[in-house]
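*Asks:* Protein chains in written order, with full-length UniProt numbering: chain P, 1 to 462; chain V, 1 to 462.
Hints should not be assumed to be uniformly reliable.
With a straight-line Cα cutoff of 25 Å, these simulated DSS-like cross-link-like pairs (lysine-lysine) come out [what the hints assert, rightly or not]:
id	chain 1	residue 1	chain 2	residue 2
1	V	Lys247	P	Lys68
2	P	Lys247	V	Lys103
3	P	Lys44	P	Lys432
4	V	Lys29	V	Lys376
5	V	Lys44	V	Lys311
6	V	Lys80	V	Lys311
7	P	Lys247	V	Lys68
8	P	Lys379	P	Lys311
9	P	Lys376	P	Lys29
10	P	Lys432	V	Lys432
11	V	Lys460	V	Lys339
12	P	Lys460	P	Lys339
13	P	Lys311	P	Lys80
14	V	Lys68	P	Lys103
15	P	Lys311	P	Lys29
16	P	Lys432	V	Lys103
17	P	Lys379	P	Lys460
18	V	Lys29	V	Lys311
19	P	Lys29	P	Lys44
20	V	Lys379	V	Lys29
21	P	Lys152	P	Lys103
22	P	Lys460	P	Lys376
23	P	Lys379	P	Lys29
24	P	Lys68	V	Lys103
25	P	Lys103	V	Lys432
26	P	Lys29	P	Lys460
27	P	Lys103	V	Lys247
28	V	Lys311	V	Lys376
29	V	Lys103	P	Lys103
30	P	Lys103	P	Lys247
Derived Cβ-Cβ restraints for the label pairs, each shown as a range [claimed, not checked]:
id	chain 1	residue 1	chain 2	residue 2	range
31	V	Asp431	P	Tyr173	17 to 27 Å
32	V	Glu100	P	Arg239	28 to 38 Å
33	V	Ala163	P	Ser169	34 to 44 Å
34	V	Glu257	P	Gly153	41 to 51 Å
35	P	Glu202	V	Ala382	26 to 36 Å
36	V	Ala163	P	Ser273	55 to 65 Å
37	V	Pro111	P	Asp141	41 to 51 Å
38	P	Glu136	V	Arg403	43 to 53 Å
39	V	Gln314	P	Asp141	51 to 61 Å
40	P	Asn76	V	Glu202	21 to 31 Å
I should point out that these hints are in silico values taken from the structure, not numbers from a laboratory. By construction, the Cβ of each residue, glycine as well, lies at the ideal position given by its N, Cα and C atoms.
As a plain string of letters, each chain reads:
There are 2 protein chains.
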Amino acid sequence: MKKYAHSLVLALAALSVPLSAQVPGGMYKYPAQQQADDALTGDKYAWDFVEGITTEVGPRQAGTEAEKRGREWAMNWLNKHGFENVADEPFMMNTWVPGEVHKAEIVSPFPQPLVVQPLGGTPSTGPDGITAEVVEFESVDALAEAPEGSLKGKIAYVTHAMAASQDGSHYGYFGGARFVGPGLASQKGAVAIVIKSIGTDEHRNPHTGIIRFPDGVDPIPAGALTLPDAANLERMFDRADGPITLKLTLTPRWIGETQSGNVVGEIVGRDPSLPPVLLACHIDSWWNAPGAFDDGAGCGIAAAAALNVSKAGQPLRTIRVLMAGAEEVGLHGSVAYSKAHIDEPIGVAYESDFGADRIWRFESNFRETNPDLHTKLAKSVARFGVANSTIVARGGADINIARDQNTAIIDLQQDGSRYFELHHTPDDTLDKIDPAQLRQNVAVWTQVTGILANYEGSIKGE
Amino acid sequence: MKKYAHSLVLALAALSVPLSAQVPGGMYKYPAQQQADDALTGDKYAWDFVEGITTEVGPRQAGTEAEKRGREWAMNWLNKHGFENVADEPFMMNTWVPGEVHKAEIVSPFPQPLVVQPLGGTPSTGPDGITAEVVEFESVDALAEAPEGSLKGKIAYVTHAMAASQDGSHYGYFGGARFVGPGLASQKGAVAIVIKSIGTDEHRNPHTGIIRFPDGVDPIPAGALTLPDAANLERMFDRADGPITLKLTLTPRWIGETQSGNVVGEIVGRDPSLPPVLLACHIDSWWNAPGAFDDGAGCGIAAAAALNVSKAGQPLRTIRVLMAGAEEVGLHGSVAYSKAHIDEPIGVAYESDFGADRIWRFESNFRETNPDLHTKLAKSVARFGVANSTIVARGGADINIARDQNTAIIDLQQDGSRYFELHHTPDDTLDKIDPAQLRQNVAVWTQVTGILANYEGSIKGE
Numbered sequence: 001m002k003k004y005a006h007s008l009v010l011a012l013a014a015l016s017v018p019l020s021a022q023v024p025g026g027m028y029k030y031p032a033q034q035q036a037d038d039a040l041t042g043d044k045y046a047w048d049f050v051e052g053i054t055t056e057v058g059p060r061q062a063g064t065e066a067e068k069r070g071r072e073w074a075m076n077w078l079n080k081h082g083f084e085n086v087a088d089e090p091f092m093m094n095t096w097v098p099g100e101v102h103k104a105e106i107v108s109p110f111p112q113p114l115v116v117q118p119l120g121g122t123p124s125t126g127p128d129g130i131t132a133e134v135v136e137f138e139s140v141d142a143l144a145e146a147p148e149g150s151l152k153g154k155i156a157y158v159t160h161a162m163a164a165s166q167d168g169s170h171y172g173y174f175g176g177a178r179f180v181g182p183g184l185a186s187q188k189g190a191v192a193i194v195i196k197s198i199g200t201d202e203h204r205n206p207h208t209g210i211i212r213f214p215d216g217v218d219p220i221p222a223g224a225l226t227l228p229d230a231a232n233l234e235r236m237f238d239r240a241d242g243p244i245t246l247k248l249t250l251t252p253r254w255i256g257e258t259q260s261g262n263v264v265g266e267i268v269g270r271d272p273s274l275p276p277v278l279l280a281c282h283i284d285s286w287w288n289a290p291g292a293f294d295d296g297a298g299c300g301i302a303a304a305a306a307l308n309v310s311k312a313g314q315p316l317r318t319i320r321v322l323m324a325g326a327e328e329v330g331l332h333g334s335v336a337y338s339k340a341h342i343d344e345p346i347g348v349a350y351e352s353d354f355g356a357d358r359i360w361r362f363e364s365n366f367r368e369t370n371p372d373l374h375t376k377l378a379k380s381v382a383r384f385g386v387a388n389s390t391i392v393a394r395g396g397a398d399i400n401i402a403r404d405q406n407t408a409i410i411d412l413q414q415d416g417s418r419y420f421e422l423h424h425t426p427d428d429t430l431d432k433i434d435p436a437q438l439r440q441n442v443a444v445w446t447q448v449t450g451i452l453a454n455y456e457g458s459i460k461g462e
Numbered sequence: 001m002k003k004y005a006h007s008l009v010l011a012l013a014a015l016s017v018p019l020s021a022q023v024p025g026g027m028y029k030y031p032a033q034q035q036a037d038d039a040l041t042g043d044k045y046a047w048d049f050v051e052g053i054t055t056e057v058g059p060r061q062a063g064t065e066a067e068k069r070g071r072e073w074a075m076n077w078l079n080k081h082g083f084e085n086v087a088d089e090p091f092m093m094n095t096w097v098p099g100e101v102h103k104a105e106i107v108s109p110f111p112q113p114l115v116v117q118p119l120g121g122t123p124s125t126g127p128d129g130i131t132a133e134v135v136e137f138e139s140v141d142a143l144a145e146a147p148e149g150s151l152k153g154k155i156a157y158v159t160h161a162m163a164a165s166q167d168g169s170h171y172g173y174f175g176g177a178r179f180v181g182p183g184l185a186s187q188k189g190a191v192a193i194v195i196k197s198i199g200t201d202e203h204r205n206p207h208t209g210i211i212r213f214p215d216g217v218d219p220i221p222a223g224a225l226t227l228p229d230a231a232n233l234e235r236m237f238d239r240a241d242g243p244i245t246l247k248l249t250l251t252p253r254w255i256g257e258t259q260s261g262n263v264v265g266e267i268v269g270r271d272p273s274l275p276p277v278l279l280a281c282h283i284d285s286w287w288n289a290p291g292a293f294d295d296g297a298g299c300g301i302a303a304a305a306a307l308n309v310s311k312a313g314q315p316l317r318t319i320r321v322l323m324a325g326a327e328e329v330g331l332h333g334s335v336a337y338s339k340a341h342i343d344e345p346i347g348v349a350y351e352s353d354f355g356a357d358r359i360w361r362f363e364s365n366f367r368e369t370n371p372d373l374h375t376k377l378a379k380s381v382a383r384f385g386v387a388n389s390t391i392v393a394r395g396g397a398d399i400n401i402a403r404d405q406n407t408a409i410i411d412l413q414q415d416g417s418r419y420f421e422l423h424h425t426p427d428d429t430l431d432k433i434d435p436a437q438l439r440q441n442v443a444v445w446t447q448v449t450g451i452l453a454n455y456e457g458s459i460k461g462e
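Just need the whole structure built from these sequences, with the hints factored in.
*Replies:* Below you can see the structure in the form of structure tokens.
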């Protein structure tokens, strides 16, 4: 069976490649194949990037001086490694900072502190905090069904049943407690909301993340409890005879318009008239998180792939790396990049923004319009343990431009089983990265980028 | 081999037990054997205790109002479950509280916040903090070798190579960074010290713990960094060309004499003239830790064993449970208990104060003086996966009285492989307890206590 499959791969691959790509023995050699194989055992760049930015910069909240240092650090790194046209493309944004005081305490009947962090964009409780009865909801759906005005003067608490999932799908499904819970609670009259962190770990580090209130809905303070604290609060509801009173003190603030920026750098191709290959990630992290998994690793992977491909000889197309600013707080960098460059067609885009664990699935949005290329790419990374898929790639947060231009998109799906143990928490530190899995990412990215940056025709095939 | 071993057990056991303990079929039945077996699958008490105190009280720092609530909660629980002579035996102590501000930040060359907590008993830096160059020591031995005065005006940083160990021995060996590091640093002229937490986890929750300065040595502020933060600081030392400057702000304070207490309760025996069996644990925890592993579980295990034995009929000896106050900050409760009761002989003492993972080894201090009893006890718990040992039991923090009276001591050694992931950290929460392993603890304690509380002669055999 194995032999048969192998022969089939060779037969199919041979159908669509020029003779010049054949190597002695008849084995098809993909562009940058050797560099991909080398990266699997000896990555020189991705670890260096993520170790450097987490050590020398640390947390880099969007729109702040720390993010600016992160962008400068990244530009220095790109310049040092030979990228061309390195720049910080500025944009303005309305900036939120978390403030100093993040406290929650049960006032009665079981007085004790709980560990809380503000959700991104939440208003302040004021320094004296808000003290009110807590009302428990087993899901965001249950909150949605609460009668209008029923939470008047109360603090809503919303839990969920998120579990670890390889494809990360539990985040979208159970994340509603954060995405829409605060707006719903405000609409029902609540004075504040706390949620069980949208995460899967068992540590006392809350998961923050952006919230938005619908137009016309008054923003209310919103915090995330750690999972152990949420479990404790739920046990209190099981045990308490009367109301549970919580005091919540969060002092974030909006500081007005500040500058952020998108860091870009290029490996210039032999034919600059061809639309470039865009490799994306984001440079910012939450204030509480050094941003190793999210997304220092992603920037390291993207930059490493571009460099590795360049070692195989100047590619046909330009490879542009985009390290977007201000992703966490609302994709400001991705939106600004698309707006600034919408009239400059790109050939294909993909991003790394889901940690540093192994890539397990290949998806494109051109399987039907350019099946030969889709198949070739899928087969090229099978040796790294990556499966083909019929799912249509849609890309992620950092490549709005690809969706706006309706161009080719690839998703190199990473294993998200551990991702939501770390995502948007203080635990997103360098030590969580498995160097072997990081190298597999670089190998897959190098292989795919090697093929795409040397592809002559329309990548999407339309 | 298995059959042979089984026959040997029976033969040896039969040698030293009265005929009345023989049951049909010739199998020796230990006192409370059935209760021990039942506990293995259906503990009714230990989980209830530790869930209750962590949910309804939470952190209970020694000498504070929170510890008082913990003692009251425990007395209520003991009374509710039928213990007699339940009391809170008061003592006074000099009390330290952690204060509100616990911050560390790298000022240069890589500005960013680090996560820090004060070590127990540390003085304040004052609200404005201390800013100074950090000097790195790879071990407490290296710090000890630093020349006198060489740290004048500096902040010492001490790391270590502690790893997880089943017997917990790495704590004693590598814990010197905390136990004596602050005193040494002060003697060398340092203005403050930060250490890598004495722990084995990878989360951003520092491990606190008590420190003491030698007589005549000026106390200096002392903090613990999380392990990821310590690793980050060490990478900074590898990368920095010049000095690393740290700002440390810790605002703990001593609040003078306050009252703490030891909670006691008894299952009164048939012959109160016989010295009682003392089962110990401690009721306090650090301010940052709900104290599930350390030591809510231990109190639950001890209380459960006493109750289970009582279900087998009134024991010969009184079983006394001691839930010591103020253990974490210097064994104040254990010392006070010994002082108050030194003239009332106890028969044997043992404690549970090393988490809630399985018991794997049995030790006594009477293997040579009462070998029959030692062997009987060891064999009685072999079916729960506990091995015999020639190590001489010395007991732990909560049973000073047994050492002071030079009486019998048992150690039912728990698996400490996970203990220092949680010890003295915010992560010491109920969800970390494995109910199956907790039940094994209760089974072993029930079995051992059943035998000892019904033993007629001198337990130590001297």
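*Asks:* Hint by hint, say whether it matches the structure.
*Replies:* Hint check:
1. V:Lys247 / P:Lys68: 22 Å, holds
2. P:Lys247 / V:Lys103: Satisfied, since the Cα-Cα distance of roughly 23 Å is no more than 25 Å.
3. P:Lys44 / P:Lys432: 19 Å, holds
4. V:Lys29 / V:Lys376: Since the Cα atoms of Lys29 of chain V and Lys376 of chain V sit roughly 11 Å apart, the hinted pair holds (cutoff 25 Å).
5. V:Lys44 / V:Lys311: Since the Cα atoms of Lys44 of chain V and Lys311 of chain V sit roughly 12 Å apart, the hinted pair holds (cutoff 25 Å).
6. V:Lys80 / V:Lys311: Cα-Cα ~15 Å, so holds.
7. P:Lys247 / V:Lys68: 22 Å, holds
8. P:Lys379 / P:Lys311: 22 Å, holds
9. P:Lys376 / P:Lys29: 11 Å, holds
10. P:Lys432 / V:Lys432: Roughly 20 Å between the alpha carbons, so the hint for Lys432 of chain P and Lys432 of chain V holds.
11. V:Lys460 / V:Lys339: Distance ~22 Å between Lys460 of chain V and Lys339 of chain V Cα, so the pair holds.
12. P:Lys460 / P:Lys339: This hinted pair holds, its Cα atoms lying about 22 Å apart.
13. P:Lys311 / P:Lys80: 15 Å, holds
14. V:Lys68 / P:Lys103: 23 Å, holds
15. P:Lys311 / P:Lys29: 15 Å, holds
16. P:Lys432 / V:Lys103: 23 Å, holds
17. P:Lys379 / P:Lys460: Cα-Cα ~18 Å, so holds.
18. V:Lys29 / V:Lys311: 15 Å, holds
19. P:Lys29 / P:Lys44: Measuring from Cα to Cα gives roughly 23 Å; hence the hint holds.
20. V:Lys379 / V:Lys29: 12 Å, holds
21. P:Lys152 / P:Lys103: 22 Å, holds
22. P:Lys460 / P:Lys376: Distance ~14 Å between Lys460 of chain P and Lys376 of chain P Cα, so the pair holds.
23. P:Lys379 / P:Lys29: Status holds; Cα separation ~12 Å.
24. P:Lys68 / V:Lys103: 23 Å, holds
25. P:Lys103 / V:Lys432: Within the cut-off at roughly 23 Å; holds.
26. P:Lys29 / P:Lys460: 22 Å, holds
27. P:Lys103 / V:Lys247: This hinted pair holds, its Cα atoms lying about 23 Å apart.
28. V:Lys311 / V:Lys376: OK: Lys311 of chain V and Lys376 of chain V at ~21 Å, within 25 Å.
29. V:Lys103 / P:Lys103: Given pair Lys103 of chain V, Lys103 of chain P holds - Cα atoms ~15 Å apart, limit 25 Å.
30. P:Lys103 / P:Lys247: Roughly 8 Å separates the two Cα atoms, so the pair holds.
31. V:Asp431 / P:Tyr173: 17 to 27 Å: Holds, at about 23 Å.
32. V:Glu100 / P:Arg239: 28 to 38 Å: With Cβ atoms ~29 Å apart, the hint holds.
33. V:Ala163 / P:Ser169: 34 to 44 Å: Check passed, 37 Å falls within 34 to 44 Å.
34. V:Glu257 / P:Gly153: 41 to 51 Å: Holds, since Glu257 of chain V and Gly153 of chain P (Cβ atoms, about 42 Å apart) stay within the stated range.
35. P:Glu202 / V:Ala382: 26 to 36 Å: 33 Å, holds
36. V:Ala163 / P:Ser273: 55 to 65 Å: Holds, at about 58 Å.
37. V:Pro111 / P:Asp141: 41 to 51 Å: 44 Å, holds
38. P:Glu136 / V:Arg403: 43 to 53 Å: 49 Å, holds
39. V:Gln314 / P:Asp141: 51 to 61 Å: Holds - the Cβ-Cβ distance for Gln314 of chain V and Asp141 of chain P, about 55 Å, lies within 51 to 61 Å.
40. P:Asn76 / V:Glu202: 21 to 31 Å: Between Asn76 of chain P and Glu202 of chain V, where Cβ atoms are some 29 Å apart, the hint holds.
In summary, the structure agrees with every hint in the numbered list given earlier.
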